[in-house]
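K.L.:
The primary structure of each chain is shown beneath.
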Amino acid sequence: MARKLIREPLYRLTQEFKDQPELIEEYIYQTFDLINKVENVLKAYITLRNLKNINLDARNIIKEIRKNGYKNKKLFGVLIAVKDNIVIKGIRTTCASKMLNDFIPPYTATAVNKILREGAIILGKTNMDEFAMGSTTENSAFFITRNPWDPERVPGGSSGGSAVATAAYECTASLGSDTGGSIRAPAAFTGTVGLKPTYGLVSRYGLIAYANSLEQIGPIARTVRDAAILLSVIGGYDPKDSTSLAINRSKLDYESYVTEEPIKKYRIAVIKEMTEEGIDNTIKSSFSKALSKLSNEGFDIDEVSLPIIKYALPTYYIIAMAEASSNLARYDGIRYGYHIPVEGKTWTDIYSLARSEGFGPEVRRRIIIGSFVLSAGYYDQYYLRASKVRKLLYDEIRNLFSKYDVIASPTMPILPPRLGEKITDPLQLYAMDVNTVVANLVGIPAISIPSDLIGDLPVGLQFMGPELSEGYLFNLAHIYEMKSHLQSLVPNWVSAHV
Amino acid sequence: MSKDSLISWVERASKLSLIKIRDDEREDILNSFQKIIDFFNELLKINVDDVEPLFMAPKQDGLLREEKPEPSLNIDDVMINVKEKEDGYIKGPRTA
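Top line first, the protein sequences correspond to chains Z and X. For the first sequence, position 350 (counting from the first letter as 1) is numbered 350 according to my numbering, and the numbering increases by one without interruption. For the second sequence, position 1 (counting from the first letter as 1) is numbered 1 according to my numbering, and the numbering increases by one without interruption.
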């Protein structure tokens, strides 16, 4: 039997394909073979493109490099999965909602155009919490996605499909989106690497909006190097997104930061309030072990107290729901989306029926509460106040970064919960985001990497840095990854097939 | 918040957002809303006098692209998502 190409990290695959492009076909075959064995249980994909079209893409990119030269294409021949809230022209994009059940986008997101230009092949669109609202991928209107480490447990969310497809070798890397932890939560729960970039580093053009001041598209991969390569491809200024930052392309070479030696003598802060209340004891002791490893590498670690952190979660939810109520006002069921026949009805009837039937319970809840916190009489008390607390939080985090390079914390406060365990109580579900929302409120980058395995369940370690410090985060994450030997993990449940 | 005022604001917000609440889910929604609002009320404990609100991440380059016409989306690709159409137009309800 041929060597298992699907086990290879992205950075090795592209080198092999450069010398032997014909291996791409074998790699595609192996990936589909694996998908056929595990996908009926894991259900990472909402839409899987058919093999014929994927082979056609492969032949086209090979033809192109034979004609124009290889030109160091960073993702040459690599199969990438894309979260189903990122649009690709002509491929159904649902946001895991009945509202967009049969929506066919007329254009392609900038991040996707960029990966295609680097020779990637899109494998399919992945499951998620409806409109990215959730932390377990149980809020999908279609089906749940299971965790390959234990199929009775959730994979985290909302980018659960992308993380599972990556963790279970159903693709080599993927794109997710992160509004309050939606890349990092599933990365932590599936033993993968996930990064939420600095706000504005990656274009949001073609990312279906949920909370536009908070969210970013980012990479999910099995090694830090792969995530760094993927971010260097999708990052950069885009005239189609006025919030994207004007960054020189030379600054985006994140792979050069993936070195065995530290580029800096990192000064690491641990915020007490992110490691105590609401954090499970197993996570606490695992985090202490992670800190010892970092300290053994010679980095200085200080514990600091930042009491405002405990207000981050309600601040985040007020702002996210307010923005959701505004962003999701576009769904009228007339131009696209869940449709109610217009004959004999009024505009208000049509909008109300389409929105009440097309959106699931959590989406409806967030829109209604979002409308409330923005409504006359409550705006000052909730939305405006939350935006002021956001400023206080920003100032304090910025101040911390005048003394430290990195803030370390557990990514998630708990191990992956069992299916159905959290979904019935919204507040319990929201509490899972306690350590991830800070980076979104403040607009800074944050990475989650595997830091431990407890039993057979992965635990994530989060590093946050100041704006545009992604290179340093990759550097520190890679050093940790090398010392802990926690990269390219194979979940037990899929090991027989990989 | 009293139950009566909770009911009245939930109804108002549901009207504002054009999302109906079904009778069989009303009680459940009211309960979860009450809990979420209590959770939001935590913020009332912080003094925010003289603090400027922050609505977007402050790092912004604010670049705007040049104002020049570009090809727009292909009409057929857009209209494929419209369920009721007539002569290339999107059909909406009759305006009284």
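There may be inaccurate statements among the hints.
As the list claims (entries may be wrong) - Straight-line Cα separation of at most 30 Å, DSS-like style, residue types lysine-lysine; simulated pairs:
{"no.": "1", "chain 1": "X", "residue 1": "K15", "chain 2": "X", "residue 2": "K35"}
{"no.": "2", "chain 1": "Z", "residue 1": "K345", "chain 2": "X", "residue 2": "K91"}
{"no.": "3", "chain 1": "X", "residue 1": "K59", "chain 2": "Z", "residue 2": "K251"}
{"no.": "4", "chain 1": "Z", "residue 1": "K240", "chain 2": "X", "residue 2": "K83"}
{"no.": "5", "chain 1": "Z", "residue 1": "K391", "chain 2": "X", "residue 2": "K35"}
{"no.": "6", "chain 1": "Z", "residue 1": "K345", "chain 2": "X", "residue 2": "K83"}
{"no.": "7", "chain 1": "X", "residue 1": "K20", "chain 2": "Z", "residue 2": "K345"}
{"no.": "8", "chain 1": "Z", "residue 1": "K345", "chain 2": "Z", "residue 2": "K284"}
{"no.": "9", "chain 1": "Z", "residue 1": "K272", "chain 2": "X", "residue 2": "K3"}
{"no.": "10", "chain 1": "Z", "residue 1": "K345", "chain 2": "X", "residue 2": "K35"}
{"no.": "11", "chain 1": "Z", "residue 1": "K345", "chain 2": "X", "residue 2": "K85"}
{"no.": "12", "chain 1": "X", "residue 1": "K85", "chain 2": "Z", "residue 2": "K89"}
{"no.": "13", "chain 1": "Z", "residue 1": "K251", "chain 2": "Z", "residue 2": "K240"}
{"no.": "14", "chain 1": "X", "residue 1": "K91", "chain 2": "Z", "residue 2": "K391"}
{"no.": "15", "chain 1": "X", "residue 1": "K85", "chain 2": "Z", "residue 2": "K98"}
{"no.": "16", "chain 1": "X", "residue 1": "K59", "chain 2": "Z", "residue 2": "K240"}
{"no.": "17", "chain 1": "Z", "residue 1": "K310", "chain 2": "X", "residue 2": "K45"}
{"no.": "18", "chain 1": "Z", "residue 1": "K272", "chain 2": "X", "residue 2": "K15"}
{"no.": "19", "chain 1": "X", "residue 1": "K59", "chain 2": "Z", "residue 2": "K264"}
{"no.": "20", "chain 1": "Z", "residue 1": "K74", "chain 2": "X", "residue 2": "K45"}
{"no.": "21", "chain 1": "Z", "residue 1": "K98", "chain 2": "X", "residue 2": "K20"}
{"no.": "22", "chain 1": "X", "residue 1": "K68", "chain 2": "Z", "residue 2": "K310"}
{"no.": "23", "chain 1": "Z", "residue 1": "K284", "chain 2": "X", "residue 2": "K35"}
{"no.": "24", "chain 1": "Z", "residue 1": "K89", "chain 2": "X", "residue 2": "K35"}
{"no.": "25", "chain 1": "X", "residue 1": "K68", "chain 2": "Z", "residue 2": "K240"}
{"no.": "26", "chain 1": "Z", "residue 1": "K272", "chain 2": "X", "residue 2": "K68"}
{"no.": "27", "chain 1": "X", "residue 1": "K20", "chain 2": "Z", "residue 2": "K310"}
{"no.": "28", "chain 1": "X", "residue 1": "K59", "chain 2": "Z", "residue 2": "K98"}
{"no.": "29", "chain 1": "Z", "residue 1": "K310", "chain 2": "X", "residue 2": "K91"}
{"no.": "30", "chain 1": "X", "residue 1": "K91", "chain 2": "Z", "residue 2": "K89"}
{"no.": "31", "chain 1": "X", "residue 1": "K45", "chain 2": "Z", "residue 2": "K284"}
{"no.": "32", "chain 1": "X", "residue 1": "K91", "chain 2": "Z", "residue 2": "K98"}
{"no.": "33", "chain 1": "Z", "residue 1": "K403", "chain 2": "X", "residue 2": "K45"}
{"no.": "34", "chain 1": "Z", "residue 1": "K89", "chain 2": "X", "residue 2": "K83"}
{"no.": "35", "chain 1": "X", "residue 1": "K20", "chain 2": "Z", "residue 2": "K265"}
{"no.": "36", "chain 1": "Z", "residue 1": "K391", "chain 2": "X", "residue 2": "K68"}
{"no.": "37", "chain 1": "Z", "residue 1": "K251", "chain 2": "X", "residue 2": "K68"}
{"no.": "38", "chain 1": "X", "residue 1": "K45", "chain 2": "Z", "residue 2": "K98"}
{"no.": "39", "chain 1": "Z", "residue 1": "K98", "chain 2": "X", "residue 2": "K83"}
{"no.": "40", "chain 1": "X", "residue 1": "K59", "chain 2": "Z", "residue 2": "K403"}
Quick caveat, the hints were computed from the structure, so don't treat them as lab data. What you are looking at is a predicted structure, and each value in this text was computed from that prediction instead of being measured.
K.L.:
Please go over all the hints and tell whether each is borne out by the structure.
P.N.:
Checked hints:
1. This hinted pair checks out: K15 (chain X) and K35 (chain X) have alpha carbons roughly 21 Å apart, not beyond 30 Å.
2. Distance hint between K345 (chain Z) and K91 (chain X) is fulfilled; the C-alpha atoms sit about 12 Å from each other, no more than 30 Å.
3. A hinted pair counts as satisfied when its Cα atoms are at most 30 Å apart, and K59 (chain X) with K251 (chain Z) qualifies at roughly 17 Å.
4. As the CA atoms of K240 (chain Z) and K83 (chain X) are separated by approximately 28 Å, the hinted pair is consistent with the 30 Å bound.
5. Simply put, K391 (chain Z) and K35 (chain X) have alpha-carbon atoms about 25 Å apart, close enough for the 30 Å limit, and the pair holds.
6. Annotation: proposed proximity of K345 (chain Z) to K83 (chain X) holds, straight-line Cα distance about 16 Å (limit 30 Å).
7. Distance restraint check for K20 (chain X) and K345 (chain Z): the Cα-Cα separation of roughly 16 Å lies within the 30 Å cut-off, and the hinted pair is therefore satisfied.
8. Simply put, K345 (chain Z) and K284 (chain Z) have alpha-carbon atoms about 57 Å apart, too far for the 30 Å limit, and the pair is violated.
9. A hinted pair counts as satisfied when its Cα atoms are at most 30 Å apart, and K272 (chain Z) with K3 (chain X) does not qualify at roughly 37 Å.
10. A distance of roughly 36 Å separates the Cα atoms of K345 (chain Z) and K35 (chain X); the hinted pair therefore is violated under the 30 Å criterion.
11. Using a Cα cut-off of 30 Å, the hinted pair K345 (chain Z) and K85 (chain X) holds, with the two alpha carbons roughly 16 Å apart.
12. Between K85 (chain X) and K89 (chain Z), the direct Cα distance comes to roughly 21 Å. Compliance with the 30 Å bound is thereby established for this hinted pair.
13. For the given pair, K251 (chain Z) sits about 20 Å from K240 (chain Z) by alpha-carbon distance, which is consistent with the 30 Å threshold.
14. Of the pairs offered as hints, the one joining K91 (chain X) and K391 (chain Z) is violated, with about 45 Å between alpha carbons and a cut-off of 30 Å exceeded.
15. Distance check on the hinted pair: K85 (chain X) and K98 (chain Z) sit about 21 Å apart at the alpha-carbon level, within 30 Å; holds.
16. Between K59 (chain X) and K240 (chain Z), the direct Cα distance comes to roughly 18 Å. Compliance with the 30 Å bound is thereby established for this hinted pair.
17. With a CA separation close to 11 Å, the supplied pair K310 (chain Z) and K45 (chain X) stays within the 30 Å bound.
18. Taken as a hint, the K272 (chain Z) and K15 (chain X) pair is broken in the structure, with Cα atoms around 43 Å apart against an allowance of 30 Å.
19. Between K59 (chain X) and K264 (chain Z), the direct Cα distance comes to roughly 24 Å. Compliance with the 30 Å bound is thereby established for this hinted pair.
20. Straight-line distance between C-alpha atoms of K74 (chain Z) and K45 (chain X) comes to about 50 Å, which puts the hinted pair past the 30 Å bound.
21. Restraint check for K98 (chain Z) and K20 (chain X): the C-alpha separation of about 16 Å stays at or below 30 Å, so the hint holds.
22. With a CA separation close to 47 Å, the supplied pair K68 (chain X) and K310 (chain Z) exceeds the 30 Å bound.
23. Using a Cα cut-off of 30 Å, the hinted pair K284 (chain Z) and K35 (chain X) holds, with the two alpha carbons roughly 28 Å apart.
24. In summary, the hint linking K89 (chain Z) to K35 (chain X) is not supported, as the alpha carbons are separated by about 41 Å, beyond the 30 Å threshold.
25. Distance hint between K68 (chain X) and K240 (chain Z) is fulfilled; the C-alpha atoms sit about 13 Å from each other, no more than 30 Å.
26. As the CA atoms of K272 (chain Z) and K68 (chain X) are separated by approximately 52 Å, the hinted pair breaks the 30 Å bound.
27. At roughly 34 Å between alpha-carbon atoms, K20 (chain X) and K310 (chain Z) are farther apart than 30 Å, so this suggested pair is violated.
28. Annotation: proposed proximity of K59 (chain X) to K98 (chain Z) is violated, straight-line Cα distance about 36 Å (limit 30 Å).
29. Under the criterion of a C-alpha separation no larger than 30 Å, the hint pairing K310 (chain Z) with K91 (chain X) is inconsistent with the structure, at around 50 Å.
30. Taken as a hint, the K91 (chain X) and K89 (chain Z) pair is honoured in the structure, with Cα atoms around 24 Å apart against an allowance of 30 Å.
31. Taken as a hint, the K45 (chain X) and K284 (chain Z) pair is honoured in the structure, with Cα atoms around 28 Å apart against an allowance of 30 Å.
32. For the hint linking K91 (chain X) to K98 (chain Z), the alpha-carbon distance of about 21 Å falls within 30 Å, and the restraint holds.
33. Pair hint K403 (chain Z) plus K45 (chain X) holds up; C-alpha atoms about 28 Å apart against a cutoff of 30 Å.
34. Restraint check for K89 (chain Z) and K83 (chain X): satisfied, since their Cα atoms lie roughly 19 Å apart, inside the 30 Å limit.
35. Restraint check for K20 (chain X) and K265 (chain Z): not satisfied, since their Cα atoms lie roughly 56 Å apart, outside the 30 Å limit.
36. This hinted pair does not check out: K391 (chain Z) and K68 (chain X) have alpha carbons roughly 36 Å apart, beyond 30 Å.
37. Taken as a hint, the K251 (chain Z) and K68 (chain X) pair is honoured in the structure, with Cα atoms around 29 Å apart against an allowance of 30 Å.
38. Our distance criterion of 30 Å between C-alpha atoms is broken by K45 (chain X) and K98 (chain Z), whose separation comes to about 39 Å.
39. Under the criterion of a C-alpha separation no larger than 30 Å, the hint pairing K98 (chain Z) with K83 (chain X) is consistent with the structure, at around 15 Å.
40. In summary, the hint linking K59 (chain X) to K403 (chain Z) is supported, as the alpha carbons are separated by about 20 Å, within the 30 Å threshold.
Of the numbered hints given earlier, the model fails hints 8, 9, 10, 14, 18, 20, 22, 24, 26, 27, 28, 29, 35, 36 and 38; all others are met.
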